[in-house]
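Add chains R, B, U, H and P with the ligands to chain F, keeping to what the hints say.
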Amino acid sequence: MKKIEAIIKPHKLDDVKEALHAVGVAGLTAYEVKGFGRQKGHTEIYRGAEYTVDFVPKMKIEVVVDDALAAAVEDAIVEAARSGKIGDGKVFTYDCDAAVRIRTGERGPDAL
Amino acid sequence: MKKIEAIIKPHKLDDVKEALHAVGVAGLTAYEVKGFGRQKGHTEIYRGAEYTVDFVPKMKIEVVVDDALAAAVEDAIVEAARSGKIGDGKVFTYDCDAAVRIRTGERGPDAL
Amino acid sequence: MKKIEAIIKPHKLDDVKEALHAVGVAGLTAYEVKGFGRQKGHTEIYRGAEYTVDFVPKMKIEVVVDDALAAAVEDAIVEAARSGKIGDGKVFTYDCDAAVRIRTGERGPDAL
Amino acid sequence: MDLQIALDTVWVLVAGMLVFFMNLGFGLVESGFARSKNTVNIISKNFVVFAVASIAFFVVGWGLMFGDGNGLLGLKGLFMLGGADNSPAVGDAYSGVYSAISWTGVPLMAKFFFQLAFAATAATIVSGAVAERIKYGSFIVFSFLLVAFVYPVIGHWIWGGGWLAELGFWDFAGSTVVHSTGAWAALAGVLVLGPRIGKFGKDGRARAIPGHNMTSAMTGAFILWLGWFGFNPGSTMAADPGAISHIVVTTSMAAAAGALAATATAWKILGKPDLGMTINGALGGLVGITAGCAFVSVGSAIIIGAIAGVIIVLGVMLLDRLKIDDPVGALAVHGMGGIFGTLAVGLFAQEAIAPGTTGDGLLFGGGLGLLGAQALGVLAVGAAVFGVSLALWLAIKATMGVRVSEEEELEGLDIGEHGNRAYPDFVQTETVA
Amino acid sequence: MDLQIALDTVWVLVAGMLVFFMNLGFGLVESGFARSKNTVNIISKNFVVFAVASIAFFVVGWGLMFGDGNGLLGLKGLFMLGGADNSPAVGDAYSGVYSAISWTGVPLMAKFFFQLAFAATAATIVSGAVAERIKYGSFIVFSFLLVAFVYPVIGHWIWGGGWLAELGFWDFAGSTVVHSTGAWAALAGVLVLGPRIGKFGKDGRARAIPGHNMTSAMTGAFILWLGWFGFNPGSTMAADPGAISHIVVTTSMAAAAGALAATATAWKILGKPDLGMTINGALGGLVGITAGCAFVSVGSAIIIGAIAGVIIVLGVMLLDRLKIDDPVGALAVHGMGGIFGTLAVGLFAQEAIAPGTTGDGLLFGGGLGLLGAQALGVLAVGAAVFGVSLALWLAIKATMGVRVSEEEELEGLDIGEHGNRAYPDFVQTETVA
Amino acid sequence: MDLQIALDTVWVLVAGMLVFFMNLGFGLVESGFARSKNTVNIISKNFVVFAVASIAFFVVGWGLMFGDGNGLLGLKGLFMLGGADNSPAVGDAYSGVYSAISWTGVPLMAKFFFQLAFAATAATIVSGAVAERIKYGSFIVFSFLLVAFVYPVIGHWIWGGGWLAELGFWDFAGSTVVHSTGAWAALAGVLVLGPRIGKFGKDGRARAIPGHNMTSAMTGAFILWLGWFGFNPGSTMAADPGAISHIVVTTSMAAAAGALAATATAWKILGKPDLGMTINGALGGLVGITAGCAFVSVGSAIIIGAIAGVIIVLGVMLLDRLKIDDPVGALAVHGMGGIFGTLAVGLFAQEAIAPGTTGDGLLFGGGLGLLGAQALGVLAVGAAVFGVSLALWLAIKATMGVRVSEEEELEGLDIGEHGNRAYPDFVQTETVA
Ligand SMILES: Nc1ncnc2c1ncn2[C@@H]1O[C@H](COP(=O)(O)OP(=O)(O)O)[C@@H](O)[C@H]1O
Ligand SMILES: Nc1ncnc2c1ncn2[C@@H]1O[C@H](COP(=O)(O)OP(=O)(O)O)[C@@H](O)[C@H]1O
Ligand SMILES: Nc1ncnc2c1ncn2[C@@H]1O[C@H](COP(=O)(O)OP(=O)(O)O)[C@@H](O)[C@H]1O
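Line by line, the protein sequences are chains F, R, B, U, H and P. First residue of the first sequence? That's 1 in this note's numbering, and the numbers climb one at a time after it. First residue of the second sequence? That's 1001 in this note's numbering, and the numbers climb one at a time after it. First residue of the third sequence? That's 2001 in this note's numbering, and the numbers climb one at a time after it. First residue of the fourth sequence? That's 3001 in this note's numbering, and the numbers climb one at a time after it. First residue of the fifth sequence? That's 4001 in this note's numbering, and the numbers climb one at a time after it. First residue of the sixth sequence? That's 5001 in this note's numbering, and the numbers climb one at a time after it.
So that you can see chain F by itself, here it is in the shape it has in the complex (with noise of 0.2 Å):
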């Protein structure tokens, strides 16, 4: 198996959610990330005291599956998340050894 994980914008999250499901994929996991690149942050104010915020709130996905479908999730999410814009993120392939759904103890692909 592959996991997948993906660094997004956040509003991009349904639509990236839409394709996946498109493609297959029955469930992923998702949490609230700051990315630091080419992205820059911004500056903020404070009373009177500037200070730049270097992070921006981006979303990452993470998502297990068979090795046959990975390419496809790869593609799935490189479409529904860009916008062209710098910032867009990343996506990151790597091994997932095992598997194990933890209410029937399911295990291997047929765990996801």
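Source of the hints: derived by calculation from the structure; they are not laboratory data. Glycine included, every Cβ here is placed at the ideal spot set by N, Cα and C. Possibly wrong hints are sitting among the right ones.
[Claimed, not checked] Examples of chain H residues lying across from chain U (beta carbon under 7 Å, computed):
1. L4073
2. A4110
3. G4161
4. W4163
[Stated by the list, open to error] Below, a list of computed lysine-lysine pairs in the DSS-like style, where the Cα atoms sit at most 30 Å apart:
5. K2002/B - K2/F
6. K2002/B - K1002/R
7. K5202/P - K40/F
8. K85/F - K5272/P
9. K1017/R - K4397/H
10. K1017/R - K4272/H
11. K40/F - K2040/B
12. K4272/H - K4323/H
13. K2040/B - K4076/H
14. K1085/R - K1002/R
15. K85/F - K2017/B
16. K4397/H - K2040/B
17. K85/F - K1002/R
18. K1085/R - K3323/U
19. K3202/U - K85/F
20. K40/F - K2017/B
21. K2040/B - K2085/B
22. K3397/U - K1040/R
23. K40/F - K1085/R
24. K85/F - K1085/R
25. K2002/B - K85/F
26. K4272/H - K3272/U
27. K1017/R - K85/F
28. K2085/B - K1017/R
29. K2002/B - K2085/B
30. K3323/U - K3202/U
31. K2017/B - K2002/B
32. K5397/P - K5323/P
33. K1017/R - K2/F
Showing chains R, B, U, H and P with the ligands alone in chain F's frame:
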């Protein structure tokens, strides 16, 4: 070493932590995530308009352990986190190449 | 490519970010986590009842880099995050199979 | 005699303070009903709007409203409260240029303070409806113009001895003068601005954009309810024990009935007792009773409040259908509630309750005369305020612009307009767009 | 004369507004002391309860409490304030059916408004104790019954010329009438409901379930303290300068002493100055002084407040031991505080402070008579309210159910009961179960 | 006659309640401007400080301030309001030991309550400036000493018939007595404590440490504005209709002007309309008008407020440059605002507005006399309060310590000092250090 990631129901965190402690895990890391899967979200109402919340709150746990401990950890999590109801979550296992304890610089299993 | 994950004390985030920047890292992702380990939590009181908070707030950093940079990144984090006190955290290293930059579709180390 | 003046003054000032405090109520309801990324912007608007209104009403608003003039506007003592005035003298003893408000025996400054608090309310109503997309500077300019010119002219028609008052139009505490005026000005702004990004889905259906803080909304609603105990009974501008006691009770019972009716309606239609609707319903009941609080019985007040509560729920849902995006329900509460409340005087007023004022309404055998005058006032004020406001909003749009950029709207107005965040220590998420 | 009426009316109305505002205070303390997943539910309860109480007290509560009748309940002018009444006439000049409250020279509507605000308080107290597990609809039904029937009957016994008043029982502003009544009704509900999931560990020991918003709790506590300046001095129902000044000071000093004593006690016992205890202590001081505020000296008020503060800390901890789960400390504050405050009249009252009322208490040489009457009242009210409330709760349980499902409780009542969330833009976590 | 007393009493008590309510305003502004990890500590300080002040002022503060004595301090009736006093008698009819405040015809308890609320304000001001690093216990001790001894002695000089009053120094409602006193005491504390960890970067430049809750800050600011309607017009301590109406308007217009001027200044200098500055500006306008509210025209009030608003913005930035770390801007608002407001009396006062008091100020042809007296008062109070406070802070530091450990400061004072967290259900992050 192995990294074991589990997505569980939030109120199971304490039980899982204790189960892991029991099998000899000395440290772990947890955080709030949103899960999408077979367990459906719910419909909310807001000032007359309905909307669907697809994501349900989950807790994610990460623990890096010596290869020898991996199977026991997996089992401990599955057992402690199971309620038998849909949405109990998953356990995923990955390879971990290296570990360092920042405080001492110890490396490998000693760092855990 | 390698993925390096570090769990550090929250107020070290800026220092670590700068150290990574210095060794040539262009992007990273960070988020709040709760850590359980040798560093003990604390006891809180609430309207007369005591309770133990086992988890301490930590910051987790993820950075994917070219294999060549991995060792330098590890070292940079360890150095910047170290206070010498218990709970300084860990650095873990994993293999990363693939990376894509969503905006451009660039793949591999170019995507970083 | 002197003691009467002192007591009336204490009452009017305390009531004015309560109305002033409504600014906090509006600020909390409106920001609570919006997203956290726009909180600094909304509370900035609601904080600064009272300051802007203070200057606008002082400089020229008061004079236009209460200065002696013709049926349309005040012409004497226009600027900076500068006209002759021997308040607290009343009746024949009064000599000055603000005769339209010489019936109350309190000092000029007490009159000004109380009326200022009302004027500011009209502007605050606008704030909520245009929230989450309007430029801060543009809102400030519009608020100034509204309180300096639009509100006082309408006020003159009704409370300044103008043509509507002459025609037998009654609006005791301002269902029309304050609430409808604010709502019509807001409606023009909402139409010029267009809906927020994400409010209407690709299928054209309204999507919920949940407010970020129901604790704020509830707090604001209670503060508004409290403030209305200044708004309505204070409009006696005298410590008349019978009248103020009666009005406190009609006001509160209408709010209670509005809250319950809205809760029940939402429960029935939506399947759940939606808190936002309960709150809007209470406010709708309050707006609804504002015109008639001194003229109707407690029983009628309960009925008026309950009908207003139902109207507000249906109104919020109707506006969603019409693709009119009002993040806080201000158009339903102050607009529909204000119109209904004004008409309700024509239905429920009773000669016996405030002898020598409205006479009996339709349901108490008074015929259609009063109702007709009320309807005429509703139409005239609606047409005038909406028309002029539309022109003002369009002029502002053409000159300084009225809506923030798409990028800024997505990121939130707090960073873009103010460089601040409301809650920097908390990890946040986005429910919608 | 007329001016006296006007001034008394202004005072009573302003005091009533402050008591009304206490609803916000309770809403904030109670929701602040509970978890974020139940916030919409709690603030909905606290918002709607005043509306429910308004209708209940108007429809029949007022008549049962103040209508002429026998020692047990009012029988005349029962419905909708409909009895004869020529208020503000007083004494021999009064003719009407609400003679028990004809001693105050304000219009009937002012009396109603002030008393309504009190009645609603009793229901609000219940809200906190049953929080985080009660069905919304069931709470509404119980609140209606409490304010329509239970509270007014108790009120009749003590303030409506009933049997306890006859016996020489004194409760100036309602330590028993309002606070204990609310607490006994709450205790019955708490027992019928059982503790929240997770409150008591497998070992049977109480676990802390921290409240989600200490800012809310502090805000609510200050609003309550402010509201008590209406509650206690307003209970004169007349602008008697000496009495109201005295009562403002006894009230405030008791709150201060309660806050300090509770802080010190918590610091001593728990090792830290727990904010929740400081807040509960201040409220305990306020409840404690409510019965005696007009009858005791400032020095005694400080002592009463301090003792109440200590009692509240020990009381909260004791209830945890007894496995009685009250998420906000309402049973300790209003129950134990109310009982102690009522008894304190029997100890600290001084003839010289309010001549012709209580006479001297035990510590000032007055013997055991007063204390005995006070104790009798405490017992009678406790037995009656607890018994009837238990029956009502059990009836509600048998018919519509009283507690939400386990699943709903774990997920939070906000989604389950209301389909809303209080803070959707924030990432949340769970401290306990 | 009696009715006059009753009306005055109602007015003074209501005004006192509003001033009491300012404690909540301060608590919300101060905690909103600080980080979430220190919220419990700040709101605990602000909650308990009124309780501490109540005891301190009752035990000895009142006597030192208003007891008959010499030009420096009161000597009679020192303890627990225990001196002879036949209030509400005034003038020749008065016999007692508190003659300095015998000009107002309200009962002693009303005087005490109103003055207590003022005394507590001075202590509350300190709370914000020393926030995020002070030990809870040490703050309590300092507050007690401030209200028991320092504040009353200064108060005696100016309002207790002391030497500054003799010299023709005028401070109607306390720009100096309350606000500057609080600020000087705070400055001493700030210097003894040193800046928060992380406030000044390695380069020595000030870093922003954003406050955690702008909703709290805005709420607090509106509550303070409301409270000032008690603070300033209430200082008449009589329901004089002309005076109180005038003062309500000067107070409110100065706040409005302060808010607008600060917003514009921030917008100009910083490029954005920083909400924190808008809020500080409004408060600066209020502090600025406090000394002169009864002595200046409405037009002058607007000018005073506007200047104060500008001063506050520049002052906050200046203190950052001077490496003086005041998390909430209290030194600028209450210190600089208080000094300016006191001097403004010397510039803008007009004999015609309050005949027989200040006479004309410099700008109205009155010469330098008044301005000189004002300047002298500013210097004398500054030197005395700063000096004594410094000694007290150093003594506290030497005995019980004044600052929490570095580790505790980094983790937050809530856990360390109280064992509580303010918002346990929310995932939190750290912006700075
Ligand atoms: N090497 C990296 N490792 C982990 N996350 C990264 C890395 N580089 C970028 N990111 C994440 O991707 C986000 C977007 O990257 P950025 O450089 O801003 O723009 P782009 O994706 O257009 O190249 C960052 O905010 C960060 O969260
Ligand atoms: N393929 C997947 N990759 C990553 N996370 C997943 C995946 N499938 C499910 N999850 C996570 O597991 C949680 C539980 O899955 P769900 O399908 O709802 O129930 P169950 O665990 O009973 O099969 C989801 O909410 C999601 O967070
Ligand atoms: N085996 C592990 N797997 C994952 N995270 C761990 C593991 N052990 C420790 N951690 C994380 O590292 C943090 C620091 O560990 P701790 O044992 O407290 O101190 P130290 O880093 O000094 O050894 C923990 O709070 C936890 O977040």
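A quick look at each hint next to the structure:
no., hint, result
1, L4073, "violated (23 Å)"
2, A4110, "holds (4 Å)"
3, G4161, "violated (23 Å)"
4, W4163, "violated (30 Å)"
5, K2002/B - K2/F, "holds (15 Å)"
6, K2002/B - K1002/R, "holds (15 Å)"
7, K5202/P - K40/F, "holds (23 Å)"
8, K85/F - K5272/P, "holds (26 Å)"
9, K1017/R - K4397/H, "violated (38 Å)"
10, K1017/R - K4272/H, "holds (28 Å)"
11, K40/F - K2040/B, "violated (37 Å)"
12, K4272/H - K4323/H, "holds (23 Å)"
13, K2040/B - K4076/H, "violated (68 Å)"
14, K1085/R - K1002/R, "holds (28 Å)"
15, K85/F - K2017/B, "holds (23 Å)"
16, K4397/H - K2040/B, "violated (45 Å)"
17, K85/F - K1002/R, "violated (37 Å)"
18, K1085/R - K3323/U, "violated (41 Å)"
19, K3202/U - K85/F, "holds (22 Å)"
20, K40/F - K2017/B, "holds (14 Å)"
21, K2040/B - K2085/B, "holds (12 Å)"
22, K3397/U - K1040/R, "violated (45 Å)"
23, K40/F - K1085/R, "violated (44 Å)"
24, K85/F - K1085/R, "violated (42 Å)"
25, K2002/B - K85/F, "holds (26 Å)"
26, K4272/H - K3272/U, "violated (42 Å)"
27, K1017/R - K85/F, "violated (42 Å)"
28, K2085/B - K1017/R, "holds (23 Å)"
29, K2002/B - K2085/B, "holds (28 Å)"
30, K3323/U - K3202/U, "holds (13 Å)"
31, K2017/B - K2002/B, "holds (18 Å)"
32, K5397/P - K5323/P, "holds (21 Å)"
33, K1017/R - K2/F, "holds (27 Å)"
Checked against the numbered hints above, the structure breaks hints 1, 3, 4, 9, 11, 13, 16, 17, 18, 22, 23, 24, 26, 27 and satisfies the rest.
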